[in-house]
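Chains A and B, in that order, are what the protein sequence lines are.
Quick note: the first sequence uses our numbering, first residue 194, plus one each step.
Quick note: the second sequence uses our numbering, first residue 14, plus one each step.
Everything labelled a hint here was simulated from the structure, so no lab data went into it.
Since no wrong hints were added, every one of them can be taken at face value.
In silico contact screen, one side only, chain B against chain A (beta carbon under 7 Å); selected entries: (1) 63; (2) 108; (3) 110.
A virtual CB, placed ideally from N, CA and C, is assigned to each residue, including glycine.
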Amino acid sequence: EAQVTQNPRYLITVTGKKLTVTCSQNMNHEYMSWYRQDPGLGLRQIYYSMNVEVTDKGDVPEGYKVSRKEKRNFPLILESPSPNQTSLYFCASSPGTGLPISNYGYTFGSGTRLTVV
Amino acid sequence: AQKITQTQPGMFVQEKEAVTLDCTYDTSDPSYGLFWYKQPSSGEMIFLIYQGSYDQQNATEGRYSLNFQKARKSANLVISASQLGDSAMYFCAMREGSGGGADGLTFGKGTHLIIQP
Numbered sequence: 194e195a196q197v198t199q200n201p202r203y204l205i206t207v208t209g210k211k212l213t214v215t216c217s218q219n220m221n222h223e224y225m226s227w228y229r230q231d232p233g234l235g236l237r238q239i240y241y242s243m244n245v246e247v248t249d250k251g252d253v254p255e256g257y258k259v260s261r262k263e264k265r266n267f268p269l270i271l272e273s274p275s276p277n278q279t280s281l282y283f284c285a286s287s288p289g290t291g292l293p294i295s296n297y298g299y300t301f302g303s304g305t306r307l308t309v310v
Numbered sequence: 014a015q016k017i018t019q020t021q022p023g024m025f026v027q028e029k030e031a032v033t034l035d036c037t038y039d040t041s042d043p044s045y046g047l048f049w050y051k052q053p054s055s056g057e058m059i060f061l062i063y064q065g066s067y068d069q070q071n072a073t074e075g076r077y078s079l080n081f082q083k084a085r086k087s088a089n090l091v092i093s094a095s096q097l098g099d100s101a102m103y104f105c106a107m108r109e110g111s112g113g114g115a116d117g118l119t120f121g122k123g124t125h126l127i128i129q130p
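Required output: the full structure, derived from the provided sequences and hints.
As structure tokens, this is what we get:
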């Protein structure tokens, strides 16, 4: 089954304790992206990647890191989490070959609900 | 300025009635795609329907249709014969460009739709 898999689904952690949220897709998609969702704000992009070793900042990148060493994986790293990073996080992927890319939507993972206390 | 505007934070609709969820967008890119996603209370993001900027006809997918008015920059979602299972958050989103620049979906803040029996 074509899917984006995020882990964990739920995570409660303490301020300052480094954590990684994993994301993997099995559709051979070039584009991958991380979003956070907060009440009243919709979804906002944190980082995106157009292919292996190519990443760039989205709208709210502060406090986050990403890497894209393999095409299928795109982990989100919080080096020193703070309570304002408590949110619902989504990983998503999209095809990138064949223009225009605006024709393609993103497939989303099931989400990771993170609480930082 | 907001790129995607959803002016209805919440809506109550009687079961079996048709529903129109509003979405206006702002872009100077001639190539863009417009997407609607449904987010039920379980949290996952479910793709509903897509409209490309060059499409001549309004998109339809089962009970979902998109009322695309390019000159007015609006892309309203119409749900015919609403069902109780349609109760959810609905997000309008846009992806711009032909590739090579910044990428990702820009989301509106969402409309919380509640279908009443």
